[in-house]
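Peer 1: Chains Y and C, in that order, are what the protein sequence lines are.
Using this note's numbering, you'd call the opening residue of the first sequence number 47 and step up by one each time.
Using this note's numbering, you'd call the opening residue of the second sequence number 26 and step up by one each time.
Hint data in this document are derived by calculation from the structure and do not stem from the laboratory.
Positions of the beta carbon are idealized from the N, C-alpha and C atoms, including for glycine.
Any given hint could turn out to be false.
[As the list claims (entries may be wrong)] Here are some chain C residues pointing at chain Y (derived, C-beta under 7 Å):
1. 57
2. 105
3. 135
4. 137
[Said to hold, decoys possible] Computed cross-link-like contacts, DSBU-like style, restricted to lysine-lysine with a CA-CA straight-line distance of at most 30 Å:
5. C/104 with Y/397
6. Y/360 with Y/460
7. C/131 with Y/390
8. C/131 with Y/408
9. C/122 with Y/390
10. Y/426 with Y/460
11. Y/397 with C/106
12. Y/415 with C/40
[Said to hold, decoys possible] Counterexamples of contact, computed for chain Y against chain C with all Cβ distances above 10 Å:
13. 257
14. 303
15. 402
16. 425
17. 428
18. 508
19. 549
20. 551
The primary structure of each chain is shown beneath.
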Amino acid sequence: MMSLKYTVITLLLSALHNRQFLFFSVYKLVMLLCAIGLLQIAGFPKGMLISLLAIMLYYVASIVSYKYNQTNISNIRTILDLLLIGLVLNQYHTFDILSIGFLLMPVFYLANQCDNLRGYVTIFGLYVIGYFTIPGIDIAKLTIVFFILACLNAFVQYRLALTRDIDNLNRLIDKIMVVNFGKLYKIYDECIPILNKTFVSPQIRNIYCFRYEEGKFRIANGSTPIFNFELDTSTLTQILRDNPNTLHVNVPFKVNGEKCKHDYLIKFKIPDSEISYIFIADVENSNIFRILYQFRLMISFLSRLSRLLEVNYKLRANEIASVKEMTNNLNYINAAQQAMHFIKNKLSPVKNYFAELEMYEKCRDLATKERMKERLDAEKSNAEQSFTIAINRANYIVSKMYTSQMFSEVEKHKFIVLLNNVRDIWQSYGFSQRDSEIVDICVETPLFVTFNRYGMDQVLTNWISNMNNYGNSNSRYTVNEDADYYILRFINATDANANVQAEFVKCYNQNDRDEIIKRNWHGLMEIKEALEQMNIPNEMSLNGIEVLFEMRFKKLEG
Amino acid sequence: MQEVLIIENEYSYVKGAFDFVNEFMMNNSLHYRVISRSQDVPWDDLSNYNYIFVDISLSQRSELDGYGILQRIEKEQLKAKNIIILTANMNIESMLKVRGINNKYKTLIKPIDLNDLYHTFENGNNLK
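Full structure from sequences and hints, please.
Peer 2: Okay, here's the thing in structure tokens:
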């Protein structure tokens, strides 16, 4: 009983969320009511109850079979359709050839399995059969019935064509996401032929895409490169502003110096942005049905494409922001490289002085030695001067190095952001998250923590890489909390020598010889320095043969 | 007397080495002409010099850097004997390739070693 209840609820919810399913359900209900009406008119008092039960069964079965649309179920659906029609015909005792033809029509004409022409041939065939086989048939009524059937067929074919074209276009989106996400403009080369294949579409030559920001169009991409464009927005602005999703025909558009005569603009509003597409066609698109069909056809495709464009745009913006952030560090590296060249140049007199000194000491000829002495004194003065300049430059670079607090600017993030970072990096090194993560925190009131995104990436990458290199399959991490802190603890189970591990932990926790430790444990010191800059308390300890590395993140209110 | 052209904007730092080699190792047989800008290079008379030292990073006022000077010599097929590159860059060979400079040149890495400089002159026209 309960399962029936849940099935009904599921079906109702599905109906609410799925317009097509709702439409189908209503359609079946209307058919059912008509069938009951027909049976009553025909008079069927004894079998009424059985008929009603059969029809109810039919109704539920057809709805379920529609919901779980599978080949074998759809066959059952067809059989049920035939049974219903058969039942109705049986009440009327009208088993003539036309009735049987209608009865079998779903078998040899299934709208979603045959082309447009076959549908019309089937309908016309039945019309001819009816005309020649039923004596005294009312031709006018027969013609009207078949005309309605032909219209219905046309409507079904239209819907099928639309669905097929939309599917084809949407498949392109899936393909571009996998193959060419960074080159979204390539989608136009593939979608234009599909659009041009549709029976109502004019020949589209090019598609150009723009972001609509603050009343201005900014180039996003296009089927051909856009070097320059002119778009007279004076007449469009009001329309564009008032209508989030709009279509406008024959917009005054000029691209790469060429004035476009037959074009139309479609604009979409998506979260955070508005995207416009201008379609350049070879012929004028004045037919309202064509325009509506195209709008209907492209709306889901372009809407999805717009979201992809927006994601791509934001990723690019993030990349640029990252590069800007890296520029300071690159400048420093550049300055350091130049300083090394400078210092090498300035060391020439020093090197020269020692070489001359050596020759002076080896020289046995007093007169030559005397001359050498004068030169040596001069070179000594040069060497001292150069040495001072070189040292000053070295000091400058070193002092910049020690004052560069790359990760000291921290931002507030939800704790889950940090946890997801840990998970991403953990999994990128081939560790399984399911077996190696233990999270024990109150998930109902997640708080915020502070860290620098790049600094934290450096810490996690360095440390997890270390675990990957030296740890074994028991390596894991835990997340828990106390009153003030979230505690992230990595447990590195290694097979290394216990003395080496002890030395490793001791080196990390010592604060008075970092510069010496850095020579052998550079990565370790990078972790320590980054955490210090972000002001994140941390500690390393030994638990038997396991190295524990703990970071504590202060809990903050949102 | 052998003519030596030195294209170097910070000659003061290598002067000691050049002078010492000339006076005590080459018996003052070298005559140096020092310039710091590419505009002063005697393009038509390069063949008159037995040795041409080219520093890679020249002064701000120079129109061409050391690479540019070598490129011009190769492009115009100017006759020049014994070209020696002066640089602090250890990776100079690949940098030359990147700039399309195909000939092999002897290179003196800064800070210059006195003996290397002497051997440069001693080997004369057999430089590699």
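Peer 1: Looking at residue 551 of chain Y again, its CB stays over 10 Å from all of chain C?
Peer 2: At roughly 38 Å from the nearest Cβ of chain C, residue 551 of chain Y sits farther out than 10 Å, so the non-interface label holds.
Peer 1: Would you say residue 402 of chain Y is clear of chain C, with no C-beta pair closer than or equal to 10 Å?
Peer 2: Check fails; 6 Å does not lie beyond 10 Å.
Peer 1: Under 7 Å, Cβ to Cβ, is where residue 105 of chain C needs to be relative to chain Y, so tell me if that hint holds or is violated.
Peer 2: Not OK, violated: residue 105 of chain C not within 7 Å of chain Y, min 24 Å.
Peer 1: Taking the shortest Cβ-to-Cβ distance between residue 257 of chain Y and chain C, state whether it exceeds 10 Å.
Peer 2: holds, 38 Å
Peer 1: Residue 122 of chain C and residue 390 of chain Y: Cα distance at most 30 Å?
Peer 2: holds, 23 Å
Peer 1: What's the verdict on residue 415 of chain Y and residue 40 of chain C, does the C-alpha distance respect the 30 Å limit or exceed it?
Peer 2: With Cα atoms ~20 Å apart, residue 415 of chain Y and residue 40 of chain C stay inside 30 Å; holds.
Peer 1: Grab the minimum beta-carbon distance between residue 508 of chain Y and chain C and tell me whether it stays above 10 Å.
Peer 2: Non-interface label stands for residue 508 of chain Y: nearest chain C Cβ at 28 Å, farther than 10 Å.
Peer 1: Check the hint pairing residue 397 of chain Y with residue 106 of chain C against an upper bound of 30 Å on the C-alpha distance.
Peer 2: Given pair residue 397 of chain Y, residue 106 of chain C holds - Cα atoms ~28 Å apart, limit 30 Å.
Peer 1: Check whether the Cα positions of residue 426 of chain Y and residue 460 of chain Y lie no farther apart than 30 Å.
Peer 2: Not OK: residue 426 of chain Y and residue 460 of chain Y at ~62 Å, beyond 30 Å, violated.
Peer 1: Beyond 10 Å from every Cβ of chain C: is that where the Cβ of residue 549 of chain Y lies?
Peer 2: holds, 35 Å
Peer 1: Can you confirm whether the C-alpha distance between residue 360 of chain Y and residue 460 of chain Y stays at or below 30 Å?
Peer 2: holds, 21 Å
Peer 1: Checking the smallest CB distance to chain C, is residue 425 of chain Y really beyond 10 Å?
Peer 2: It is violated; residue 425 of chain Y is separated from chain C by about 5 Å at its closest Cβ, not greater than 10 Å.
The structure shown violates the earlier hints numbered 1, 2, 5, 10, 15, 16, 17.
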